[in-house]
Amino acid sequence: MKILTAFLMVLLFTAPVWAENTAHHDANVHLSPAQGYVFVEDLIQVKGQGKTTFTLSSAFQIQGLQVDGISQNISPDRGMFVVDLGPLGEHQVFITTKALLKTRNTPPFLTAEGGYLGRNWLANPLNFLATWDISGSIDEGQKWLTPGRLSAESEKGTNYTARFSNTQPSPPPTLITGPFEISERWADDIRVRTYFHAELGPLADGYLRDTVRYIQDGIQTIGPYPYSEFSIVSGIAPVGWGLPGLTYIGRRVLALPFIRSTSLPHEVLHNWWGNAVDVDYGSGNWAEGLTTFQADLVQSALKNNDGGRAKRLEWLRNYAALPNGTDIPLSQFRSRTHDALQVVGYGKTAFVFHMLKIRLGAETFNQALQDFYRTHTYNVASWTDLQTAFETASGEDLATFFDIWVNAAGAPSLNLTKAKANGSHVRFTLKQSKAYPLVIPVRVETQKGSEDFQVRLDKRVQNFTFKAKSPVLSLHIDPNFDVFRRLQAEETPPILRDVTLNPETQLEFQAEVKDIALALTKRLLQRSFKIANKAEGPRIVIALNLKSPLESTDAQAWVERDKTGRASLFITAKTAESLSKLARVLPHYKRRSFVRFKDDKVIEKGVWKIDSQHLSKTFK
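Residue numbers (this note's numbering): 1 to 620.
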């Protein structure tokens with residue numbers, strides 16, 4: 001008790017001023033991974049009165065609690081407990097807690113391989129934000145960290161101590177541990193670190209180099225980086241979680257060669273969108289789509305040197321796989337709880353930002369986002385706030401655009417008819433399923449090269465004429481996929497999502513692989529499904545040694561579409577063991593038409609090639 005009292009007295013005279021509805025934590029934590037043991041001393045400064053509800057993980061036991069130096073008896077109930085703060089004012093709650101987490105496999109957990117303590121490892125008043133100064137030590141050569149500024153660290157033998165501070169009101173901090181090797185670079189005054197398990201050590205330099213570049217790109221495009229550092233932390237679970245100033249990614253995922261150019265830039269950009277500028281989830285999650293637009297689309301454009309065409313076509317293929325009635329307005333998207341929501345909340349949202357950038361021009365679009373970021377940093381923002389930013393920067397009324405693309409579901413389908421050319425003159429008719437106001441790029445190939453135009457389509461049926469500079473050879477509507485629309489069947493080859501997203505999909509399987517087939521299908525569909533001896537609608541067929549259009553490998557999957565339009569997903573392998581391993585990896589390739597595996601690794605993946613002339617016309 002003498003130690004606790006001394007610790008308490010030191011904190012009483014060193015704590016900063018706290019914000020209303022924000023609790024400040026001066027905490028000391030000791031972690032012992034071998035035993036899975038956590039011990040916490042925490043002085044919480046909070047303004048309030050009377051009986052106040054606090055949250056604390058039910059995995060933690062309260063050893064003692066004092067309010068303004070007076071002990072109280074506490075009875076936790078399902079992760080909550082009530083403290084009597086007394087009269088209105090500023091109060092100091094000193095609490096000691098402990099936990100044994102070694103046998104847990106969901107957060108909070110603490111093992112020799114790594115630990116993850118979610119936001120409720122610290123007791124915090126319900127619905128309050130937090131600031132913190134957290135000091136701690138960990139044994140057995142491990143490291144620990146939380147979001148915030150690293151203000152001190154030291155190692156002595158196998159013991160590591162560190163201190164992290166955060167003065168910006170935020171959700172309570174997560175704490176992460178592991179047998180990490182730390183590597184470090186700087187992006188100007190921003191500390192960039194990797195906390196990697198030993199086998200990932202050789203990858204650290206590449207991750208650091210790319211992260212510095214992504215941070216500098218974000219600063220140039222959006223505005224100042226909102227935190228003092230960014231850390232990439234390897235986890236023992238196959239996940240990808242973003243936190244303010246750090247990202248926690250499964251160690252097996254980090255080892256994949258493409259992560260540095262896909263997931264990493266996405267996670268870095270989330271420091272601006274979703275962390276520094278938080279989301280008003282009640283009006284829709286705009287941050288995932290904006291991050292996808294500024295990270296995923298940009299990286300795809302750099303990789304393919306195509307201005308993002310391939311990525312936009314991928315988004316359109318995914319959307320085309322959505323069955324009728326499963327689309328939702330972007331204003332209703334909250335988070336990715338299943339695959340269909342990812343198609344809308346990530347892909348469609350990103351595409352809407354792309355169309356807005358085309359409409360306003362890159363300079364105005366970027367200025368609007370910079371103003372939006374500057375205005376809403378460390379605050380919550382909504383789709384309405386974004387609309388205001390774009391209208392202010394452009395001077396345009398964008399109410400119709402946002403009503404159609406954010407507040408309503410759906411997308412038009414386009415058809416080209418009556419296309420004729422006479423020398424340098426060309427005329428054609430465009431039809432759409434519903435009268436959307438669209439600006440559509442048009443390209444004509446002539447005897448002297450290509451010419452690009454734009455047409456405004458706001459009726460269901462509309463005629464257009466052009467005069468090119470030389471005789472016209474061919475006509476192409478939306479050649480680079482700049483308009484969000486529902487592709488027709490002849491425009492897109494079948495992909496796995498054509499089967500996995502369809503609620504009518506049934507399973508056929510070979511008897512000897514029944515259990516594997518059921519588990520694999522459950523993983524792919526993420527919902528209940530029916531079994532059929534001979535399905536009449538979309539189906540998944542799982543068996544050993546199926547005849548395949550692909551070159552033979554250990555395991556493979558492909559999609560076919562028959563003359564009636566029915567899509568079938570075939571999954572086969574040479575052995576039951578190879579087939580069973582697909583449950584872990586195959587769900588990551590739903591945007592593909594085929595995948596081939598050898599020794600548990602993907603050796604080929606892709607989309608069937610088609611020669612669609614749906615929105616094109618070649619003139620004789």
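These aren't lab readings, by the way, just hints derived from the structure by calculation. Be careful, since some hints might not be right.
Claimed, not checked - Within a straight-line C-alpha distance of at most 25 angstroms, the following computed SDA-like cross-link-like pairs (lysine to any residue) qualify:
{"hint": "1", "residue 1": "Lys547", "residue 2": "Ser568"}
{"hint": "2", "residue 1": "Lys431", "residue 2": "Phe464"}
{"hint": "3", "residue 1": "Lys357", "residue 2": "Gln367"}
{"hint": "4", "residue 1": "Lys143", "residue 2": "Pro87"}
{"hint": "5", "residue 1": "Lys431", "residue 2": "Lys547"}
{"hint": "6", "residue 1": "Lys581", "residue 2": "Glu536"}
{"hint": "7", "residue 1": "Lys514", "residue 2": "Val585"}
{"hint": "8", "residue 1": "Lys530", "residue 2": "Pro323"}
- Hints violated by the structure (numbers, ascending): 4, 5, 6
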